[in-house]
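Q: Sequence:
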Amino acid sequence: MAKGLQGFSWTMLLLFCTVQELGAWAMHTAVEGTGLGQPGDPALLASGRVKRGWVWNQFFVVEEYTGTEPLYVGKIHSDSDEGDGSIKYTISGEGAGTIFLIDEITGDIHATERLDREQKTFYTLRAQARDRQTDQLLEPESEFIIKVQDINDSEPRFLEGPYIGSVAELSPVGTSVMQVMASDADDPTYGSSARVVYSVLEGEQHFTVDSKTGVIRTAVADLDRETQDRYEVVIRATDMAGQLGGLSGSTTVTIVVTDVNDNPPRFPQKMYQFSIVETAPVGTAIGRVKAEDSDVGENTDMTYQVKDEEGVEMFKVTTDSNTQEAIIMVQKPLDYESKKVHTVVVEALNKFVDPRFMDLGTFRDQTIVRVSVMDVDEPPEFRPLSNLMEVQEDAHVGSLVGVVTALDPDTANHPVRYAIDRSTDTERIFDIDASTGAIVTGKVLDRETAGWHNITVLAMEEDNHSQVSRASLRIRILDVNDNPPELATPYEAAVCEDAKPGQLIQTISVVDRDEPQSGHRFYFTLAPEATNNRHFSLLDIKVLVLLILTLKRHHKSHLTSEDDEDMRDNVIKYNDEGGGEQDTEAYDMSALRSLYDFSEIKGGDGGGGLGEGGLSINPASKLHTLPQWVQSPDLDFSMFRDYICKKVELADEDLSVPPYDSFQTYAFEGSDSPVPSLSSINTWSSSSEQDFSFLGGWGPRFRQLAALYAGRRGEEDSEGS
1 MAKGLQGFSW TMLLLFCTVQ ELGAWAMHTA VEGTGLGQPG DPALLASGRV
51 KRGWVWNQFF VVEEYTGTEP LYVGKIHSDS DEGDGSIKYT ISGEGAGTIF
101 LIDEITGDIH ATERLDREQK TFYTLRAQAR DRQTDQLLEP ESEFIIKVQD
151 INDSEPRFLE GPYIGSVAEL SPVGTSVMQV MASDADDPTY GSSARVVYSV
201 LEGEQHFTVD SKTGVIRTAV ADLDRETQDR YEVVIRATDM AGQLGGLSGS
251 TTVTIVVTDV NDNPPRFPQK MYQFSIVETA PVGTAIGRVK AEDSDVGENT
301 DMTYQVKDEE GVEMFKVTTD SNTQEAIIMV QKPLDYESKK VHTVVVEALN
351 KFVDPRFMDL GTFRDQTIVR VSVMDVDEPP EFRPLSNLME VQEDAHVGSL
401 VGVVTALDPD TANHPVRYAI DRSTDTERIF DIDASTGAIV TGKVLDRETA
451 GWHNITVLAM EEDNHSQVSR ASLRIRILDV NDNPPELATP YEAAVCEDAK
501 PGQLIQTISV VDRDEPQSGH RFYFTLAPEA TNNRHFSLLD IKVLVLLILT
551 LKRHHKSHLT SEDDEDMRDN VIKYNDEGGG EQDTEAYDMS ALRSLYDFSE
601 IKGGDGGGGL GEGGLSINPA SKLHTLPQWV QSPDLDFSMF RDYICKKVEL
651 ADEDLSVPPY DSFQTYAFEG SDSPVPSLSS INTWSSSSEQ DFSFLGGWGP
701 RFRQLAALYA GRRGEEDSEG S
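Last residue of the sequence shown: number 721 in the numbering used here, and the count goes up by one each step with no gaps.
I should point out that these hints are in silico values taken from the structure, not numbers from a laboratory. There are no misleading hints in this set.
For each label pair, taking beta carbons as the anchor points, the in silico distance ranges come out as:
hint: 1; residue 1: Leu650; residue 2: Ala419; range: 35 to 45 Å
hint: 2; residue 1: Gly245; residue 2: Asp84; range: 47 to 57 Å
hint: 3; residue 1: Glu337; residue 2: Ala419; range: 18 to 28 Å
hint: 4; residue 1: Thr343; residue 2: Leu407; range: 23 to 33 Å
hint: 5; residue 1: Ser192; residue 2: His110; range: 22 to 32 Å
hint: 6; residue 1: Tyr643; residue 2: Pro516; range: 17 to 27 Å
hint: 7; residue 1: His110; residue 2: Gly245; range: 27 to 37 Å
hint: 8; residue 1: Asp377; residue 2: Gln269; range: 32 to 42 Å
hint: 9; residue 1: Leu407; residue 2: Glu226; range: 56 to 66 Å
hint: 10; residue 1: Thr189; residue 2: His110; range: 21 to 31 Å
The beta-carbon is built from N, C-alpha and C at its ideal position, and this holds for glycine as well.
Sequences are here, hints too, so could you generate the full structure?
A: Pasting the structure below:
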């Protein structure tokens, strides 16, 4: 036995292998060693035996074995095995004892289960040779591999399905649609089991597939979405490079044909008919029409327009963005009596046009829309209507003011009756003839009371009073001169007893309620009972009236000695300055408002006439006759005229002024005084020795005042002499 152990070696016999791996059956080369020693052991080298270099460490087993008996894998054997059963062969590792079993005596290894390379490609095991009696290793433990040999047992599979692709209609031939890819579980390094090629199984009339890459392309250029919008294409993948006997798998690819704007809009009908009543207001929808388009999405967006001139004037068309319908609407009032039927040409066109398909034809279409206007019983119409009439204020009751005319616009042309809306003429100032429409005065008119009248005239059908029309009428009352002039305000004049002749006492203005055509012109004279009054005269300056005092001042006789004594016994204090120009009660300022020095007016001679040096007074007479007024060419009344014209112009431009006469009051005091006001403390008295000659330098506005004081001083001097 000892001799046997020294010469023991492993011999692994490979019983089965493929031609690709080994090329033939082969026997495992013996590996010599000593006992349990390892290769290179000094004890082994001392024996003089040489270790062999070939060790078969790999077995092969075919996958998917379907036989009824265990599949023989291979054999392990020791050179020292003399066949007496003293050596026991064992294995350990992956699948040992379950998948792989070994005969302890012969060393034969069998596979008891069907193996699948796609699940596990190889198994790693270890082989031992032991003494059956002592269970000691007779050879070093050797590792070996059992590799599962691949066979073409897996078909190609499309793992990324389902596949959905798209392509635009009318795309050129060869346009790429999408790519598909199949995988094969077989060994790609062993033979052609995993080499896959692609082909079209169904749908080859319209699409192709690249056999190596799986890219699907169009096979025709006339794909039409409107004819067929999707295709189901079956793609097949075959292994073994497509050779006979190869396995195959398939998948269905859905290819959607997307839309392009290659179809123009088309109206289903060439004529549409609608009807609408003639009283339909502007903006009323008459009806809807729609042009059909075989495209989808925005390629069906429409715009519509009216093409004929008559239709453009009477109707308009808009697009419903949701339904893409044309909405036809009234743009101008309809009239059955004028035109009963309207013909409208409506055109539809695509909003978005693809220039690539312009050669396919025009992308627009037209249809005719007939609109029938239905008659409606309408109220009378005033024809023609002038809303302004005029009548003089002195017209007699029953005088004709004007005539209104209304006609029934309907074909029946019913008679019309007229009336006045009494809510607009509550005082029944006017009447109207129910048959003729003649408007007459019903009461006496007065322009100064009401210069305008606004009334509403009604026109209704004789048989149907519910059909009523209304017309506003403005009646202007024309003025006649039926009112005398009147004082603008009540006047009350006052004059000092020592007033000088020619002094301005009062300015009088008058108004007339009538409305003159070219401005009022008034003429003034003294009343008959005042013509013999020699104390006052009247100066007519168009609008204004001046009363001029011509009374010679009376001088009181000198005080008696007794009176002088009384005066000496009384202390009189003068410190009242008055209320100024606005105070007409404490002190009369009218004498200071003279604008002209009438003492310089040239007049006749003697008899109280006007002399060159001023008013000529006869010293022998205390009372003088009123002088005759002669207008001097050097007098300028433009100040009054300009002031009044300016006020009239402002009133005419005032929009708030009603269209009839109104009182306008103008208060004119002239320009501001260039000198300070005078104080009443310095009032002239007979005993004063003050010199008033300085008043001559105050300008023309104070010339009269200077003349009064200077004249009075002269008279005192004359009397003293």
